[in-house]
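**Q** Got chain A; can you put chain B on it based on the hints?
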Amino acid sequence: MTAAIAPTPSTRTPIARPPAPPTEGFLARVAKAYEHQFLLYRRTWRGSLFNSFLSPVLFLLAMGVGLGTYVNRGGGGATLGVPYLVFLAPGLLAATVMQTASFEATFPIMGGFVWQKRYHAMHATPIGPAEIALGQLAWIATRITLVGSIFVLVMVPFGAVQSPLIVLAVPVATLTGLAFATPIAAYAATQKVMTSFNYIFRFAITPLFLFSGAFFPVESLPWFLQPIAWLTPLYHGVALSRSIALGTIAAGPGIALVHLGVLLLYALGGLVLCLIAFQRRLAT
Amino acid sequence: MVAGPTASGEGSATPPLICARNLTKRFGAFTAVDAIDFEVAPGEAFGFLGPNGAGKTSTMRMIGCVSPVTDGELSVLGMDPAADGPRIRARIGVVPQQDTLDTELTVEDNLVIYGRYFGMKRSEAKRRAAELLDFVQLTDRAGSQVEPLSGGMKRRLSIARSLINRPDLMLLDEPTTGLDPQARHLVWDRLYRLKQRGTTLVLTTHYMDEAEQLCDRLVVMDKARIVAEGSPRQLIERYSTREVTEMRFAPGEQDRLDHQLDDLAERVERLPDRVLLYADDGEAAVVAARERGLQPETVLVRRSTLEDVFLRLTGRSLIE
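Residue numbers (my numbering), protein chains in the order written: chain A, 1 to 284; chain B, 285 to 604.
One should not assume that every hint holds.
Said to hold, decoys possible - Heads up, simulated SDA-like pairs for lysine to any residue below, C-alpha to C-alpha not over 25 angstroms straight-line: (1) A:LYS117 / B:ALA366; (2) A:LYS192 / B:ASP383; (3) B:LYS507 / B:GLN381; (4) B:LYS410 / B:ARG425; (5) B:LYS410 / A:TYR41; (6) B:LYS405 / A:THR23; (7) A:LYS117 / B:ALA467; (8) A:LYS117 / A:LEU275; (9) B:LYS507 / B:GLN382; (10) B:LYS405 / A:TRP139; (11) B:LYS507 / A:ALA283; (12) A:LYS117 / B:LEU463; (13) A:LYS117 / B:GLN381; (14) B:LYS507 / B:ASP318.
Stated by the list, open to error - Here are the computed distance ranges between Cβ atoms for each label pair: (15) A:TRP230 / B:ARG305: 54 to 64 angstroms; (16) B:GLN466 / A:ARG202: 48 to 58 angstroms; (17) B:GLY427 / A:GLU35: 14 to 24 angstroms; (18) A:ALA138 / B:ARG517: 46 to 56 angstroms; (19) A:ASN198 / B:SER407: 40 to 50 angstroms; (20) A:GLY25 / B:ARG406: 17 to 27 angstroms; (21) B:ARG406 / A:THR69: 50 to 60 angstroms; (22) B:ARG517 / A:ASN198: 54 to 64 angstroms; (23) B:GLU431 / A:ALA28: 28 to 38 angstroms; (24) A:ARG202 / B:SER407: 45 to 55 angstroms; (25) A:TRP230 / B:LYS507: 55 to 65 angstroms; (26) B:GLN429 / A:GLU35: 14 to 24 angstroms; (27) A:ARG42 / B:GLU415: 19 to 29 angstroms; (28) B:ASP424 / A:LEU49: 26 to 36 angstroms.
For the record, the hints were derived by calculation from the structure and aren't laboratory data.
Keep in mind the model is a prediction, meaning the values are calculated, not measured.
For each residue, glycine too, the CB sits at the ideal point set by N, CA and C.
Isolated chain A (complex conformation) (with noise of 0.2 angstroms):
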């Protein structure tokens, strides 16, 4: 393969043709690339929703329940306004949804290049690299839209749920997802070898996953380490998806729009970054 060299711009001329016979629709040819990634799941759905309702369980039970009610005892219900349950949940549940999203985006992006060349082999028929791209992204959408349904719901027997309103936190969950999906497929589109990920995971994904509000208060970071959260889109998942559970949305419609765009902003970039990392792949 010489993907990393690339190609010489075209100086072809055009040469005069029949009109060519219809093919499928581009979004048609998108539901291919989805598709294929459905037919994958279906080896393995039971395994991957018994971890999707396993993990939240154990998270609420042993920082929920455990720990929070150490933490209410020192009047930490009363410093955050509600019992700690209650504060985790909402940011656990995007912090979870972007590690999902994350895996999603590494490995199997990757293996589609290099170990299965899945996506040549799609390549080599009508379907095209945005095609690919899009059907894997949406693919993920799914995946980890399901993951956060499954987090909510999990929520709910523990008494963490304050409001329905709760379900508009998981669409705002799998925009978390995709602020995080888009680039780093993007990056993983490029990548021949995994060791990268690993990076990846340990100095960006865990820190945000620790860091970014869902355990504790962002203000209760060092100054200096503030800002570098308010540029991250996890705290602005977080931070949205708690304020629509516990109803503080309404105080502070603009925030909220602030928190929005930044994560609409981080997942469209990326999106950008994926066509054209999988175009120059895929076609050269």
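**A** Positioned in the frame of chain A, the structure of chain B alone reads:
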């Protein structure tokens, strides 16, 4: 040698299925394909022969509309790959050099999802998959995973997958590399059947016997250019003699031969371990050599093959 029906693109009424003029592919400063011209007629089996790195795969990828043309003209099925890539790809079947089968899906699902890419209904794709599994003798493996299949089975599955859309044109990049003789013959047999049904085959290979078996016409590529073109028989006539005599001498003796063999054949080639005499009558060359008192340890008179042509045109040194 199989002398297939020689369909020639030149002078016939049917327009060529593939037409390349000055076709060029560059990657930065590196020229992978350097201004080549060729035509492939409908129903023809056309081969690209050449050592590794000659530009065969780059040419195939341009024909397959997955690699933009840098310079020159290319039309495939009467269309322009730059403008009509998806439409062209809808009518071709590609067997890539390395299998791109999905090892996380079953044998049958690999075919069904591929049919879906071409816009087939699920039921139609399933029916077609069953037919094709039968065609490549993999029906009993339909439900199994891809990973445990042998190399030959995977190759057959790749061929079946490339046929799911009933292509007008098949692109096969080294279809039998790495297969054992039984598997190769089965693949050849299936490709020969497709050819008889009128499917146009374009293949790359560095196996001369494969080219002789399958190709009506072929081009030899070397260092990004086409260096010869013709049917296997034409190429042998043009670049070699009817027969080749291989003589092996006792160690050291070959160095003392001087030029004693040179006038016995049209061309004489000295290899480290033997001497090759290119002559239309190999036996006569042997008799003449013996009359001069030369006593080779072993003598083999054989017919010229494409391999002789290939080595003459592309040289004997390793390309790395």
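**Q** Take the hints in turn and mark each one as holding or not.
**A** Evaluation of the provided hints:
1. A:LYS117 / B:ALA366: 23 angstroms, holds
2. A:LYS192 / B:ASP383: Given pair A:LYS192, B:ASP383 holds - Cα atoms ~18 angstroms apart, limit 25 angstroms.
3. B:LYS507 / B:GLN381: Status holds; Cα separation ~19 angstroms.
4. B:LYS410 / B:ARG425: Distance of about 15 angstroms is within 25 angstroms: holds.
5. B:LYS410 / A:TYR41: 19 angstroms, holds
6. B:LYS405 / A:THR23: Answer holds: B:LYS405 to A:THR23 is near 14 angstroms, not above 25 angstroms.
7. A:LYS117 / B:ALA467: 24 angstroms, holds
8. A:LYS117 / A:LEU275: Judged against 25 angstroms, a Cα distance of about 18 angstroms means the pair holds.
9. B:LYS507 / B:GLN382: 22 angstroms, holds
10. B:LYS405 / A:TRP139: Since the Cα atoms of B:LYS405 and A:TRP139 sit roughly 21 angstroms apart, the hinted pair holds (cutoff 25 angstroms).
11. B:LYS507 / A:ALA283: Holds - the C-alpha atoms of A:ALA283 and B:LYS507 are around 23 angstroms apart, at most 25 angstroms.
12. A:LYS117 / B:LEU463: With a Cα-Cα distance of about 21 angstroms, the restraint between A:LYS117 and B:LEU463 holds, given a limit of 25 angstroms.
13. A:LYS117 / B:GLN381: Given that 25 angstroms is the threshold and the Cα spacing comes to 12 angstroms, the pair holds.
14. B:LYS507 / B:ASP318: Between B:LYS507 and B:ASP318 the Cα gap is close to 8 angstroms, so the pair holds against 25 angstroms.
15. A:TRP230 / B:ARG305: 54 to 64 angstroms: Holds, since A:TRP230 and B:ARG305 (Cβ atoms, about 58 angstroms apart) stay within the stated range.
16. B:GLN466 / A:ARG202: 48 to 58 angstroms: 50 angstroms, holds
17. B:GLY427 / A:GLU35: 14 to 24 angstroms: Between B:GLY427 and A:GLU35, where Cβ atoms are some 20 angstroms apart, the hint holds.
18. A:ALA138 / B:ARG517: 46 to 56 angstroms: Since the Cβ atoms of A:ALA138 and B:ARG517 sit about 54 angstroms apart, the hinted range of 46 to 56 angstroms holds.
19. A:ASN198 / B:SER407: 40 to 50 angstroms: Cβ of A:ASN198 to Cβ of B:SER407: about 44 angstroms, so the range 40 to 50 angstroms holds.
20. A:GLY25 / B:ARG406: 17 to 27 angstroms: The hinted range 17 to 27 angstroms holds for A:GLY25 and B:ARG406, with Cβ atoms some 18 angstroms apart.
21. B:ARG406 / A:THR69: 50 to 60 angstroms: Between B:ARG406 and A:THR69, where Cβ atoms are some 53 angstroms apart, the hint holds.
22. B:ARG517 / A:ASN198: 54 to 64 angstroms: Since B:ARG517 and A:ASN198 have Cβ atoms about 58 angstroms apart, the given range 54 to 64 angstroms holds.
23. B:GLU431 / A:ALA28: 28 to 38 angstroms: Holds, at about 31 angstroms.
24. A:ARG202 / B:SER407: 45 to 55 angstroms: With a Cβ separation near 48 angstroms, A:ARG202 and B:SER407 satisfy 45 to 55 angstroms, so the hint holds.
25. A:TRP230 / B:LYS507: 55 to 65 angstroms: 57 angstroms, holds
26. B:GLN429 / A:GLU35: 14 to 24 angstroms: At 20 angstroms between Cβs, range holds.
27. A:ARG42 / B:GLU415: 19 to 29 angstroms: About 24 angstroms separates the Cβ atoms of A:ARG42 and B:GLU415, which means 19 to 29 angstroms holds.
28. B:ASP424 / A:LEU49: 26 to 36 angstroms: At roughly 33 angstroms between Cβ atoms, A:LEU49 and B:ASP424 fall inside 26 to 36 angstroms, so the hint holds.
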